[in-house]
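S.K.: Dock chain B against the given chain A, drawing on the hints supplied.
The listed protein sequences correspond, in order, to chains A and B.
Counting in numbering that gives the first Met the number 0, the first sequence runs from 0 upward without gaps.
Counting in numbering that gives the first Met the number 0, the second sequence runs from 0 upward without gaps.
By construction, these hints were calculated from the structure, which means they are not laboratory data.
Please note that the accuracy of each hint is not assured.
If chains are identical, the list can't say which one is meant, so a pair holds when it fits in one copy or spans any two.
What the hints assert, rightly or not - Derived pair list, reagent style DSS-like, types lysine-lysine, alpha-carbon separation capped at 27 Å:
no. : residue 1 : residue 2
1   : 1         : 59
2   : 1         : 52
3   : 241       : 130
4   : 210       : 1
5   : 408       : 449
6   : 77        : 210
7   : 77        : 6
8   : 271       : 241
9   : 257       : 205
10  : 449       : 52
11  : 408       : 397
12  : 449       : 27
13  : 429       : 408
14  : 6         : 59
15  : 130       : 52
Number of protein chains: 2
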Amino acid sequence: MKPGIPKGTRDFSPAEMIRRNHVFDVIKVVFRKFGFEEIETPSMENLSTLEGKYGEEGDKLLFRILNSGPVIDQIREKQDSIRQSDITEKGLRYDLTVPFARYVVMHQNEITFPFRRYQIQPVWRADRPQKGRYREFYQCDADVIGSTSLFNEVELIRIIDEVFRTLIIGITIKLNNRKILAGIAEVIEAPDKLIDITVALDKLDKIGQDKVNEELISKGISQKAIDKIQPLLLLHGSNAEKLEALKKFLQGSQIGMKGIEEMELIFNILKKIDPDFKLPELDISLARGLNYYTGAIIEVKTHDKRSSFTSSICGGGRYDDLTGIFGLPNVSGVGISFGADRICDVLDEVNGYPDFSGGTTRILFVNFGMDEAMHCLRIVNQLRDDGIAAELYPDAAKMKKQMSYADAKKIPYVALIGMDEMTRGEIAIKNMKSGEQSIVSLNELLHILK
Amino acid sequence: MKPGIPKGTRDFSPAEMIRRNHVFDVIKVVFRKFGFEEIETPSMENLSTLEGKYGEEGDKLLFRILNSGPVIDQIREKQDSIRQSDITEKGLRYDLTVPFARYVVMHQNEITFPFRRYQIQPVWRADRPQKGRYREFYQCDADVIGSTSLFNEVELIRIIDEVFRTLIIGITIKLNNRKILAGIAEVIEAPDKLIDITVALDKLDKIGQDKVNEELISKGISQKAIDKIQPLLLLHGSNAEKLEALKKFLQGSQIGMKGIEEMELIFNILKKIDPDFKLPELDISLARGLNYYTGAIIEVKTHDKRSSFTSSICGGGRYDDLTGIFGLPNVSGVGISFGADRICDVLDEVNGYPDFSGGTTRILFVNFGMDEAMHCLRIVNQLRDDGIAAELYPDAAKMKKQMSYADAKKIPYVALIGMDEMTRGEIAIKNMKSGEQSIVSLNELLHILK
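Bound-form chain A, shown alone (with noise of 0.2 Å):
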């Protein structure tokens, strides 16, 4: 029997948890320090709870879990009338903001808002497995909620910036808001038709102006309202540029006005407190989760020419009403969620990792039998409880053997204690990098190690 795992699904290998951890220490670090506190929700929860919250395609990718007991006897006896309620009533998390919406009903008690929650966990979803897409990974997300200040959307993009700074990964923070794109179907009359307006106007640049009224006919938009939305093909230049016109085509809609205000202030509030900052770019073709979010709308690509990564690394925004659904109506929200496997996909690309070479154990002690092992172990103990990570090979082998475990795990020093050393009380080490060879006391090794 040759053994496998699930498709979409994959092993990690020490090498690769190094390279994971450093990521998600990165975006743990940066969260904290923005004040963010973490929690935890269950890798289950009941079908009621996330059922229906990720339209008909999402409900299709739960993956769900059988019920426990003779559930076979129990579809037998059932025959035709069986539903699939009868043998499973949970399912894996999907997300972790349906969760945290949850969380927050059952706990609104305990809970003081505004509350700047972060939550590091993996998610499951029965998608077709392929490039950056896995049927398991992880999201890390950042939510404030409890507050319609928008100096939250403003500590949210910084916490982007931050990030990806650190990770060293050249992004681009694209902008919109569900206000401005609520205007726009005001203004040219087709509000049920805004998914297919925006989906269009996302092609502007790969297939033209023209291309895209096309595509906008066969949507079934009126002539009347293509003609409207002409100025919109015409958006380009800064962000300044952009809402002056828009601030035209949309000047008869409240809503849309509105939304271009929120733009402007979180655009001014980054500028006023780092002149420096490079301002996310307003993109009025961005609208992931239309129906979900009622403000800002916030996604980022990397634009690393090396990387072949299109899709998002991280994406978020405002929702009125998230807790509604669970029966607590009212409380606005807004968060990012961090898309930590296409990050660690990104870096992989880009050859982006800072240098691990070190490994994890700094020294390796050699085994020439029982004696030598046991004095070496005390050795190895001291230097532990300096809290430096040090190994003595268990087995007395030969010494090439030996030798290639501490090249394969990396190990930049090896100690050789024979009998002779031993008596003498040395140490003798072994630089792996350079080939150095000296004695030492246990002090000087302490002092190199550190």
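M.R.: For chain B alone, kept in the frame of chain A given last:
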């Protein structure tokens, strides 16, 4: 609709996460100091990997994932001929040992042996929830695979000692050896009654010699065997005294004497490398996972009288052929597993956590309005650049509300910068514990918060 979570699962609040992270961090730091490297495996495994590995009872406790697609249609179509394998082919990880064995076999060509790996991930069991038993819980495993040296057992025992010393939990480590048990079965000529015998022996302290003998009779053990077993019921005193008695008892059994030898060597090495080390307690009634282990068997319980926990909080042992089931025979391994959730429960009971009252955020800036807030955010960012967790309250809410927020979040300092302070370039701060207020410069503030 009132939301809930599946029974046996839990949400973790920020305060709980700080405590849990403390336990995980301690375990991780010790694992790394001992040269163990981290891996992760998928939450889902193929059922072919999991089934049959945990006994009949274990198979019942597996959480199975319903196949994607129109399962209900398939069920209706197949009717009576439906089998479990038609509707489920994946299950959630039940422990970390079987996935690790699967990992070693799949990645054997990339691994340098002996492989010291650690793994900290949740596992799922459809057990009846009760005190200290959850349906989702974390295991923290360290194993050395590919070495038969008893130095590995010694290192693992030292890891256990260091983890619980750091967590300040008083423990007793119990040690047995499968070979000693095999020797006992050989001597009394009742190899098939080994489990019954260890179960009865385990009750000796509670019910006494006579009742143990009654139980042995009730299990169908012959009078001849019971007569032979009597010396074991009189085992007491120090490890040395027990070993002496056992040597006499097992002198005719080669495998039994081998077990004694291993046990003595482990004790000797532990004592030689640190004469102050509190040795594990030899306990021949210890028989966890009997069919699984082939050498040392280790179990850890707390002896803190304030704790009501009588079940083990860590355990492990040596298995000589774990990877054989996946096609890689003759690879010996030894490992331990910390039950992080039970350890947290013990620390809760004995009030054993360090003082985390400092919270995460070090200082909150009160929001007096747009201009003051922007000024504050500039200072907040300078603090964060120095690694200090700082927050601006996002809304210009009433002072009382903002101060309550700082209180609830246990933030030690609050900064109050109104127009006057802004003009003078000063920062007014309040120490939330002492109530003391002072006016400081940015440099002084950095100094206070560091």
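S.K.: Now tell me if each hint is right for this structure.
M.R.: Taking the hints in turn, this is what the structure says about them:
In this assembly of identical chains, the alpha carbons of residue 1 and residue 59 lie at most 27 Å apart only when taken from different copies (24 Å versus 30 Å within one copy). With identical chains, the CA atoms of residue 1 and residue 52 are at most 27 Å apart between copies only, with a shortest distance of 16 Å across copies and 39 Å within one. Proximity of residue 241 to residue 130 under the C-alpha cut-off of 27 Å is found in neither arrangement, the shortest distances being 34 Å within a copy and 61 Å between copies. Taking identical chains as interchangeable, the C-alpha atoms of residue 210 and residue 1 are never at most 27 Å apart, the minima being 52 Å within one chain and 49 Å between chains.
Only within a single protomer do residue 408 and residue 449 lie at most 27 Å apart by alpha-carbon distance; the minimum there is 19 Å, versus 37 Å between protomers. When the C-alpha separation of residue 77 and residue 210 is checked against a cutoff of 27 Å, the pair qualifies neither within a copy, at 55 Å, nor between copies, at 50 Å. With identical chains, the CA atoms of residue 77 and residue 6 are at most 27 Å apart between copies only, with a shortest distance of 26 Å across copies and 32 Å within one. Proximity of residue 271 and residue 241 under a CA criterion of 27 Å is satisfied intra-copy only: 20 Å inside one chain copy versus 77 Å between copies.
In the homo-oligomer, the alpha carbons of residue 257 and residue 205 never lie at most 27 Å apart, since the shortest distance is 30 Å inside one protomer and 75 Å across protomers. Taking the closest pair of Cα atoms, residue 449 and residue 52 never come within 27 Å of each other, the shortest separation being 52 Å inside a single copy and 44 Å across copies. Within a single copy, residue 408 and residue 397 get their C-alpha atoms as close as 17 Å, which meets the 27 Å cut-off; across copies the closest is 58 Å, which misses it. Taking the closest pair of Cα atoms, residue 449 and residue 27 come within 27 Å of each other both inside a single copy (26 Å) and across two copies (19 Å).
When the C-alpha separation of residue 429 and residue 408 is checked against a cutoff of 27 Å, the pair qualifies only within one copy, where the shortest distance is 15 Å, while the shortest distance between copies is 51 Å. In the homo-oligomer, the alpha carbons of residue 6 and residue 59 lie at most 27 Å apart both inside one protomer (17 Å) and across protomers (24 Å), since each shortest distance falls under that limit. Taking the closest pair of Cα atoms, residue 130 and residue 52 come within 27 Å of each other only inside a single copy of the chain (26 Å); across copies the shortest separation is 33 Å, beyond that limit.
Violation of the numbered hints given earlier is confined to hints 3, 4, 6, 9, 10; the remaining hints are satisfied by the structure.
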